[in-house]
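Spelled out from the first residue to the last, the chains are:
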Amino acid sequence: MPETNGHDGKPASTGAPAGAGNGNGTTGGNGGGKVAAVLAGAKATQARAVEELKETIKAPEKTDVWKSVLRVKHDETPRSRALGVLSNVFLHLHPAKINRDAVAYNYTWGMGGMTFYVYITLVFTGTLLMFYYHPSKIVAFRDILYLESDVPFGKLLRNMHRWGAHLMVIMVELHMFRVFLTGSYKKPREFNWVVGVLLLVLTLLLSFTGYLLPDDQLGFWAVTVGTNMARATPLLGNAGPFGGLLGMTPYNDVRFGLLGGSIVDANALLRAYIWHCVAIPIIASAFMVVHFWRVRKDGGISGPAPVMLESEIKDVKKI
Amino acid sequence: MDLHQLWTIVSLPDNVPIVLLLFVVPFYTWYGMRQAFANDRLIAQLEGDPAMAKTHHRKVQPFKTGWAREVHVWPYLLRIEFLAAIIVTVILMVWSITLNAPLEEPSNPTLTMNPSKAPWYFLGLQEMLVYFDPWIAGVVMPSLIIIGLMVVPYIDTNPLGNGYYTFKQRKFSILTFIFGFIVLWVSMIVIGTLIRGPGWMWFWPGTTWDHNRLIFEVNRDLPDIFGISGRVGKIIFGAIVVGLYFIAAGIGMHKLIVKTPFNRKIYARMSVLQYTVMQVFLIVMLALPVKILVRLLFRIKYIWVTPWFNV
Ligand code: HEM
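Line by line, the protein sequences are chains W and R. Counting along the first sequence from 1, when you hit position 101 you're at 210 in the working numbering, and nothing is skipped either side. Counting along the second sequence from 1, when you hit position 94 you're at 1252 in the working numbering, and nothing is skipped either side.
Fair warning: there could be bad hints in the mix.
No more than 20 Å apart at the CA atoms, straight line, and that leaves these computed lysine-lysine pairs for PhoX-like [what the hints assert, rightly or not]:
hint, chain 1, residue 1, chain 2, residue 2
1, R, 1326, W, 423
2, R, 1326, R, 1417
3, W, 206, W, 182
4, W, 296, R, 1423
5, R, 1329, R, 1212
6, R, 1423, R, 1329
7, R, 1217, R, 1326
8, R, 1212, W, 423
9, W, 296, R, 1329
10, R, 1459, R, 1449
11, W, 206, R, 1222
12, W, 296, W, 406
13, W, 423, R, 1222
14, R, 1423, R, 1326
15, W, 182, W, 167
16, W, 163, W, 152
17, W, 406, W, 206
18, R, 1326, R, 1413
Partial chain W-side listing against chain R, Cβ under 7 Å, derived [said to hold, decoys possible]:
hint, residue
19, 193
20, 212
21, 240
22, 242
23, 268
24, 313
25, 314
26, 324
27, 326
28, 371
29, 416
Calculated from the structure, these hints are not laboratory results. Quick reminder that beta carbons are idealized off the backbone N, C-alpha and C, glycines included.
Use the sequences and the hints to build the structure in full.
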């Protein structure tokens, strides 16, 4: 067990009241003697308070508050370093120790990690953008104009969200490229690759649903072009193979379901907004949790592993 | 040479990611392949020297006996992560300060943008619309790409190259992936962004986007060339041609799959199901460049004409 701050019953070293100076006035006599006693008591208390304060500033890590937050003692020992990672909810996705070659940038290119980091910045900037945006045909475009001209740092906020989204798409693709080149989808990581493919799709969908939100010509036509494809879905689209035979019309096919109408209009804007700001982020976050968990459970990062030779291939069992 | 037009296209804020792609994709391909070749040299060395293979630590990274195999995550990994986070933040900040996100006129359903383009990462699919009907380019292909990617780990029976860069040990799969990713995905995006102009016509970089340009292309259907006119005749003819393509491509692929002794060894490890699934995806993937060539060389629009769908 890590050294905890007195949860084991031992009193902590500082901050424990000694109770000495607290009794002033209760036992004093009368008149000037009483006042003097009170003053003396106050002085003593003050001196102690200063003393305690000094100690706290000198060694804040010895206070109960500090210990309660960090839970373990931190010092310059390897054990403490390991605990620092293991006992932190954000860092404990990492093991305490890792293969010495795996930390080198050139193996993973850091792409998965950077994708995740860009995703975090997107969630952050996106949440701020939501304070200024109404998903309504009447004001959506004006909200963007307002954001760009009147909101402090509004333009920077929008730019960061936009370019961050592009960056994330590029990084996911490069991450996938790296995973392929290192053969990291092979046993036992097959399923994590599948989770990754889902994350790729979700990333593209996130970006695509966000495209419509400014309600400008660019987004409108891009989404029109994009969703027109849904019209051609075999069986389920009104213009797709066999769609007509199954009774598909522009008013009941998949495209209608996606847009909430037969054209890209107010309902489509609202749907894009909800998918973009609520539904897909939740789904994508859930898959990311699984993805990272699987990286750990599959034995950590796949390499750089020792190379294997052709002569060492083991035969598979044939049925 | 219309440099102004070129600059207008390249400097369009939403095209910046593609310009970026033009640099990062080749860079990382080189970066990965360089490590692959380094490992391949080591592999060749170890294969030639069994005694060395027994004792060597089998990595190109330096290692001396006595060095710890593992290092602490804090600080050795976390400091890199923090540094990467800071660098990404700085890049994103600088990019966002220097370049504004695009905002066009308010959306107007009565005023069509020409060209109206999908977001850049879907331009590969939009480019395919030139050669395929929307139900293929817009629905079937994305679905097949997603499923095809998902089955990759389950059909690749080559146990080598798990966790290290190598080319020699995985030639077939790496070349296939590079073909799919770089040739079919990235370069189609680049074409869609930089070359496709008004009316989705082909404008070489440096030529002016002429909104009045018309191209008179007479695209014919394959059955018409062969003088087949009946409805049923066309259905049967198209089915035969597509079937023949599948057989021919399948045989060709098979030849490729069992070309080298090493590939035959991997092939022997595959179950019938694995082999079939792999063949189907390879044949379908190959159909893309084949159809593109058929269109460009022979001006053929459809191969298989039916009342319900055209291929
Ligand atoms: C939102 C998207 C994604 C995020 C945030 C993400 C994040 C990560 C991170 C942080 C790692 C650890 C190693 C590294 O940094 O490279 C990782 C590993 C991995 N990722 Fe992703 N990833 C994403 C998408 C994908 C995609 C699209 C694929 C593949 C289709 C994929 C497949 C894998 C696999 C197989 C591993 C294990 C690699 C190994 O052990 O070497 N991931 N991912």
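For each hint, the structure was consulted:
no., hint, verdict
1, 1326(R) to 423(W), "holds, 19 Å"
2, 1326(R) to 1417(R), "holds, 14 Å"
3, 206(W) to 182(W), "holds, 19 Å"
4, 296(W) to 1423(R), "holds, 18 Å"
5, 1329(R) to 1212(R), "violated, 25 Å"
6, 1423(R) to 1329(R), "holds, 14 Å"
7, 1217(R) to 1326(R), "holds, 16 Å"
8, 1212(R) to 423(W), "holds, 17 Å"
9, 296(W) to 1329(R), "holds, 19 Å"
10, 1459(R) to 1449(R), "holds, 9 Å"
11, 206(W) to 1222(R), "holds, 19 Å"
12, 296(W) to 406(W), "holds, 13 Å"
13, 423(W) to 1222(R), "violated, 29 Å"
14, 1423(R) to 1326(R), "holds, 15 Å"
15, 182(W) to 167(W), "holds, 16 Å"
16, 163(W) to 152(W), "holds, 16 Å"
17, 406(W) to 206(W), "holds, 15 Å"
18, 1326(R) to 1413(R), "holds, 19 Å"
19, 193, "holds, 6 Å"
20, 212, "holds, 5 Å"
21, 240, "violated, 18 Å"
22, 242, "violated, 13 Å"
23, 268, "holds, 4 Å"
24, 313, "holds, 6 Å"
25, 314, "violated, 11 Å"
26, 324, "holds, 5 Å"
27, 326, "holds, 4 Å"
28, 371, "violated, 12 Å"
29, 416, "holds, 5 Å"
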